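**Q** One-letter residues, chain by chain:
2 protein chains.
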Amino acid sequence: MTVRGPSGVIHGVGLGPGAADLMSVRAHRLLSSARHVAYFRKAGREGRARKTVDEILPEGVIEFAMEYPVTTEIPFDHPDYNAALSSFYAECCGHLRALAEAGEDVVVLCEGDPFFYGSFMHLYTRLKDSVPVQVVPAITGMSAAWTATGLPITWGDDVLSVVMATLPEEELVRHMKSADALVVMKIGRNIDRVRNALRAAGKYDDAWLVECASLSEQTVQKLSQAEGRVTPYFSIVMVHGQGRRP
Amino acid sequence: MTVRGPSGVIHGVGLGPGAADLMSVRAHRLLSSARHVAYFRKAGREGRARKTVDEILPEGVIEFAMEYPVTTEIPFDHPDYNAALSSFYAECCGHLRALAEAGEDVVVLCEGDPFFYGSFMHLYTRLKDSVPVQVVPAITGMSAAWTATGLPITWGDDVLSVVMATLPEEELVRHMKSADALVVMKIGRNIDRVRNALRAAGKYDDAWLVECASLSEQTVQKLSQAEGRVTPYFSIVMVHGQGRRP
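From first to last, the protein sequence lines are chains A and B. So in this note's numbering, spot 16 of the first sequence is number 16, and the numbers just go up one at a time. So in this note's numbering, spot 239 of the second sequence is number 239, and the numbers just go up one at a time.
These are calculated hints, taken from the structure and not from any lab test. One thing to keep in mind: the hints can contain errors.
Unchecked claim - Simulated pairs of lysine to aspartate or glutamate, EDC-like, Cα-Cα distance not exceeding 16 Å:
#1 A:LYS177 with B:GLU171
#2 B:LYS186 with A:ASP157
#3 A:LYS177 with A:ASP206
#4 B:LYS177 with A:ASP77
#5 B:LYS203 with B:GLU217
#6 A:LYS128 with A:GLU101
#7 A:LYS177 with A:GLU217
#8 A:LYS51 with A:GLU217
#9 A:LYS51 with A:ASP21
#10 B:LYS51 with B:GLU67
#11 A:LYS186 with B:GLU67
#12 A:LYS51 with A:GLU63
To be verified - Pulled from the structure, derived: some chain A residues nowhere near chain B, Cβ distances all over 12 Å:
#13 GLY103
#14 GLY112
#15 ARG245
As the list claims (entries may be wrong) - Incomplete in silico selection of chain A near chain B, CB under 10 Å:
#16 PRO17
#17 ARG26
#18 GLY94
#19 HIS95
#20 PRO114
#21 VAL163
#22 GLN221
#23 SER224
#24 ALA226
Owing to the predicted nature of the structure, the values given are computational and were not obtained by experimental measurement. From the three backbone atoms N, C-alpha and C, an ideal C-beta is built for every residue, glycine too.
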């Protein structure tokens, strides 16, 4: 492809935890003047990121919906899962790179903070050496979740560990025992393993469950009071630190 | 004190990592319409939080500067340090409570995210049972720091641990060995202990040092290239996770 002028920029823009007014001023400015916007979503769905910016995008913005070829149909540790996602990301990048090389800026919507367990990272690593990519950090879902509990997450010298519920139970237990404050993400169908691990680490009674932090559907409760509840993948379980304070 | 009408609200507003346009839209709205603003600072200094909002506060806003009685003159584990800070926080809260009880809303400026190792937490716990307190989460300094490195901090199932450089060296080593991704905060005069601990954990060569993330003075370099440098208290050292990715 012949580059006809200066390259456009791919902006990986963190939207934060979900409430539209918790995105940064910088993110809002980029979105409200965007000509091209791209976002991930599950096939056939509107997509949470796209919905967040509904009132902000200008009229006539050109949209590029990147629909995941698989989500939970294949286990994430199966080679087919990796292969399907890998060629999906490569395709997405082909389209984004072509836009940038044609001089167009593109805003890629990212739920949460782009560099913290985000899907955008898979585009970023494939794009960064060929076109300019700028990343706008954002408020993490976990920040919104601990704010929702009304309790600070860390004091003094507390160690905070962030662990994924997809880990084996014995690894969960080890990290749960070792940390003062704890955030567990990617919950969903892993909730029973998380409960068991928290019990084994002696922290079950101190754990909170936060769903849809910052949104109108937000719920906050002690995990022990949510027995039997089905909880979404994006729920967060946390145990607050109790460190030094004057 | 007689309450003459509905109470005002104390807003603990996170400003984020430092760049004014990385605060949230909600924070910006609260600041630009504030009648009362309060903020911590070192005696005799302008204060970093106050400086961040210079262009945003409306004319005629009433300011309450809360000047720390001690910072590093007394070791933080000395009883005098705790006593001095404790009565300082109580005094600040007396003033803020009186404003709220008189029906005034107050915006308290918080660097970073208020509930993540922030000074506001000490006011919050003293105020929350007597007057309405609302907290606005924010982008953490560590998010701005890993964004500045141009490398995602966590992939797949990576465990992220956030540790304070004030911990004993053997505890630092233990947590550094155990985590996949690592953020070390409260650096300053503890930098040599952090270096030693990273070496013992086998992670020294992979560590980055970020100073003043998101500000014009920002510096980003491998820690090993910053030998002998004096680095500020708010610097951040990090080691990126290398987890699963398609």
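**Q** Are the hints correct? Go through all of them and say.
**A** Hints, verified against the model:
Distance check on the hinted pair: A:LYS177 and B:GLU171 sit about 14 Å apart at the alpha-carbon level, within 16 Å; holds. Using a Cα cut-off of 16 Å, the hinted pair B:LYS186 and A:ASP157 holds, with the two alpha carbons roughly 9 Å apart. In summary, the hint linking A:LYS177 to A:ASP206 is supported, as the alpha carbons are separated by about 13 Å, within the 16 Å threshold. Taking the CA atoms of B:LYS177 and A:ASP77, the gap is near 25 Å; set against the 16 Å cutoff, the hint is violated.
In summary, the hint linking B:LYS203 to B:GLU217 is not supported, as the alpha carbons are separated by about 26 Å, beyond the 16 Å threshold. A threshold of 16 Å between alpha carbons decides the hint, and for A:LYS128 with A:GLU101 the separation of about 13 Å falls inside it, so the pair holds. Taking the CA atoms of A:LYS177 and A:GLU217, the gap is near 32 Å; set against the 16 Å cutoff, the hint is violated. For the hint linking A:LYS51 to A:GLU217, the alpha-carbon distance of about 15 Å falls within 16 Å, and the restraint holds.
Our distance criterion of 16 Å between C-alpha atoms is met by A:LYS51 and A:ASP21, whose separation comes to about 13 Å. A C-alpha spacing of about 15 Å is found between B:LYS51 and B:GLU67, which places the hinted pair at or below 16 Å, so the restraint holds. Among the hinted pairs, A:LYS186 with B:GLU67 is inconsistent with the structure: their alpha-carbon atoms are about 42 Å apart, more than 16 Å. For a cut-off of 16 Å, the pair hint linking A:LYS51 to A:GLU63 stands: about 13 Å separates their Cα positions.
Non-interface status of A:GLY103 relative to chain B is upheld: no Cβ of that chain comes within 12 Å, the nearest being about 23 Å off. Taking the minimum C-beta to C-beta distance to chain B, about 10 Å, the non-interface status of A:GLY112 is violated against the 12 Å cut. Under the 12 Å C-beta cut-off, the non-interface status given to A:ARG245 relative to chain B is violated; the minimum distance is some 6 Å. For A:PRO17, the interface hint holds, since its Cβ comes within 10 Å of a Cβ in chain B; the closest pair sits about 8 Å apart.
A cut of 10 Å between beta carbons decides the hint on A:ARG26: the least distance to chain B is about 4 Å, and the hint holds. Because the smallest distance between the Cβ of A:GLY94 and any Cβ of chain B comes to about 16 Å, over 10 Å, the interface hint for this residue is violated. At about 18 Å, the closest approach between the beta carbon of A:HIS95 and any beta carbon in chain B exceeds 10 Å, and the interface hint on this residue is violated. For A:PRO114, the suggested interface contact is upheld, since its CB lies about 8 Å from the closest CB of chain B, less than 10 Å.
For A:VAL163, the suggested interface contact is upheld, since its CB lies about 5 Å from the closest CB of chain B, less than 10 Å. For A:GLN221, the interface hint is violated, the least distance from its beta-carbon to any beta-carbon of chain B being 18 Å, above 10 Å. The beta carbon of A:SER224 is not positioned within 10 Å of any beta carbon in chain B (closest approach about 22 Å), and the interface hint is therefore violated. With 10 Å as the threshold, the beta carbon of A:ALA226 stays out of range of chain B, its nearest partner Cβ sitting at about 22 Å, so the hint is violated.
Violated hints for the displayed structure, listed by number in ascending order: 4, 5, 7, 11, 14, 15, 18, 19, 22, 23, 24.
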